[in-house]
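Could you build all of it, start to finish, from the sequences and the hints given here?
Going line by line, the protein sequences match chains A and B. Heads up: the first sequence at position 50 corresponds to 50 in the numbering used here, and the numbers run straight through without jumps. Heads up: the second sequence at position 42 corresponds to 42 in the numbering used here, and the numbers run straight through without jumps.
One or more of the hints may lead you astray.
No distinction is drawn between identical chains; accordingly, a pair holds when it is met within one copy or between any pair of copies.
Straight-line alpha carbon distances no greater than 35 Å define the calculated DSBU-like cross-link-like pairs of lysine-lysine that follow [what the hints assert, rightly or not]:
1. K27 - K69
2. K104 - K69
3. K69 - K95
4. K30 - K104
5. K100 - K69
6. K23 - K69
7. K30 - K69
Just so you know, these hints were derived from the structure itself, not from any lab.
Number of protein chains: 2
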Amino acid sequence: MSGEGIIRFIGIVDEAGEVSVIKIFPKYLKGLRGITDFSHLIIIYWFDRRDTTSYRETLVVMPRMHRAKEMVGVFASRSPSRPNPLGLCVVELVKVESDKLYVKELDALEGTPIVDVKPYIPNADALLDARIPEWASQD
Amino acid sequence: MSGEGIIRFIGIVDEAGEVSVIKIFPKYLKGLRGITDFSHLIIIYWFDRRDTTSYRETLVVMPRMHRAKEMVGVFASRSPSRPNPLGLCVVELVKVESDKLYVKELDALEGTPIVDVKPYIPNADALLDARIPEWASQD
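The structure is reproduced here in structure tokens:
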């Protein structure tokens, strides 16, 4: 079995910075109801600049800005080059103003399409003691 | 601006249970290199049973199995009914045997297509003190 699915972009990164602004497209705005009850969100976005055959066929990478000494598989890395160019980032929700989400810590460039927004739920999503290799720890 | 992207399934949930088995398709196996260095993974999967126009047009839901007393937006919920039927789950990686990942805590049914596998990195992904509404806290 294999197969495909269609992603429809629900918004866009309108400004990227210390506080980034995500603009949600009008037809999806009702989906934001109650979102300010959560302090943090999971943003899934589309690495549109990596949506090419070559990047999507990349299966091993040398992690940038890390201490890796050998190639690692893309599924063992957060590289934007991967079979499906999905990025994932946990952000702090600062405020919502009509169609705009103001968030901190979003690691996505201006113009990046947004694929999904999910509430961050520590009970399921937070694991402080997860083990990682040395190359993946930040300096 | 709006637009679409194509998702290509990289694997499938081969068995669902206390320990679930994810089978990665042969052409993507090289992407697993180094994955056992991580104790936990983020699995992104496709809610294939919700990939219909009606489910994808759902923007507010009454959260099941929770104490919600009113409808919430799908972006403030982890509902499988949402514009893009992507599920996200943090799992413990028990072992890898050739094309099979054995994982705990995967909340996906047998036959569910897998979209992406990412390493869980506490520095970026773990936030124990994120605030959530009362309806979203588990009993």
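Tested hints:
Taking identical chains as interchangeable, the C-alpha atoms of K27 and K69 lie at most 35 Å apart only when they sit on different chains, with a minimum of 25 Å there against 46 Å within one chain. With identical chains, the CA atoms of K104 and K69 are at most 35 Å apart both within one copy (31 Å) and between copies (30 Å). Proximity of K69 and K95 under a CA criterion of 35 Å is satisfied inter-copy only: 24 Å between copies versus 41 Å inside one chain copy. For the identical chains of this complex, K30 and K104 are neighbours both inside a copy (22 Å) and across copies (34 Å), given an alpha-carbon limit of 35 Å.
Taking CA atoms no more than 35 Å apart as the test, K100 paired with K69 passes between copies only; the shortest distance there is 26 Å, against 41 Å inside one copy. In this assembly of identical chains, the alpha carbons of K23 and K69 lie at most 35 Å apart only when taken from different copies (28 Å versus 39 Å within one copy). In the homo-oligomer, the alpha carbons of K30 and K69 lie at most 35 Å apart only across protomers (17 Å), although the nearest pairing inside one protomer, at 47 Å, exceeds that limit.
Violated hints are absent here; each numbered hint is respected by the structure.
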